[in-house]
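For the record, the sequence lines run as chains P and G.
Note that our numbering numbers the first sequence so that position 46 is 70, with each residue one more than the last.
Note that our numbering numbers the second sequence so that position 61 is 143, with each residue one more than the last.
If you are wondering where the hints come from, they were derived from the structure by calculation, not from laboratory data.
Backbone N, C-alpha and C fix where the C-beta goes; we use that ideal spot for every residue, glycine too.
A couple of the hints might just be wrong.
A few chain G residues that face chain P, going by a derived Cβ cut-off under 10 angstroms, partial list only [stated by the list, open to error]: (1) Lys105; (2) Glu127; (3) Arg211; (4) Asp222; (5) Val223; (6) Leu224.
Think about it this way: if two alpha-carbon atoms lie no more than 20 angstroms apart in a straight line, the pair counts; the simulated PhoX-like pairs of lysine-lysine are [claimed, not checked]: (7) P/Lys49 to P/Lys98; (8) P/Lys49 to G/Lys175; (9) G/Lys169 to G/Lys97; (10) G/Lys97 to G/Lys184; (11) G/Lys184 to G/Lys161; (12) P/Lys49 to G/Lys161.
One letter stands for each residue in the lines below.
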Amino acid sequence: MSTLHTVNKSPFERSAFISALNHLKPGDAVLMIEDGVVGARKASAFADLLAKAAKSCSVCVLGPDLAARGMGDKDVIQGVKLVDYSGFVDLVTEHDRTQAWL
Amino acid sequence: MADAKAAEIDSRARKKLMFVNRKAPYGTIYALEALEVVLISAAFEQDVSLAFLDDGVYQLMQGQNTTGIGMKNFSPTYKALGDYDVKKLYVEKESLDERGLKPEDLMEITYEDEDADFAEKPSVRVVSRSELTDIMAQQDVLLNF
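Next up, chain P with everything else stripped away, as it sits in the complex (with noise of 0.2 angstroms):
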């Protein structure tokens, strides 16, 4: 039993991101799409936080919402997955309920 936890916001305006990750179960995944996509960059303030979540979680982001924002897999925290639309799916159906912190 497991949950896919979508984040929408960034983490600079709001504390959705933080209070997903402070919520968060072993097995379960984060995606991060739209603003919240910002929350993946590498060397942010919230690198280190997201980098103990991939540890006993798979944490993703969405490549559209990334490179609408000019960044790509190279701009990313190591271990963070970018994935497409489909694979957004493939997420939401891997997992039994979808949490999105607004």
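Place chain G on chain P using the hints.
Here is chain G on its own, set in the frame of chain P:
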């Protein structure tokens, strides 16, 4: 046979729904909208619970007075949830602590326990972050507001 089938349909139709409240009331419409959906879900006899964390804990503050801001004070609605069979309101302790709040700062919300001669019992349960994480992981559906 028919009973078994009815029970199966019932178990499929009745889901554990948790409404996760993370925003203070009045500044945005989220808190009020969550309450609307909670009441609708309860009308459809779902197993409803609410979680209050981060600024969401402010939704349950005692003594809300909105006369000065020209908005309806919807906080009494939380006290009526028991009548709709909504009796699980989880409040995250860490969120209270971070904001300098104590459980006593929150409204007293109760429900009548029909199995205990309609005794008034508290609906609010203060739980730790890790307890709340476990409770969330037991839900069929999580709806964040």
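Going down the list of hints, with the structure as the test:
no.	hint	result
1	Lys105	8 angstroms, holds
2	Glu127	20 angstroms, violated
3	Arg211	6 angstroms, holds
4	Asp222	7 angstroms, holds
5	Val223	7 angstroms, holds
6	Leu224	4 angstroms, holds
7	P/Lys49 to P/Lys98	28 angstroms, violated
8	P/Lys49 to G/Lys175	18 angstroms, holds
9	G/Lys169 to G/Lys97	15 angstroms, holds
10	G/Lys97 to G/Lys184	32 angstroms, violated
11	G/Lys184 to G/Lys161	19 angstroms, holds
12	P/Lys49 to G/Lys161	32 angstroms, violated
Figure legend: structure checked against the earlier numbered hints; hints not met, in rising order: 2, 7, 10 and 12.
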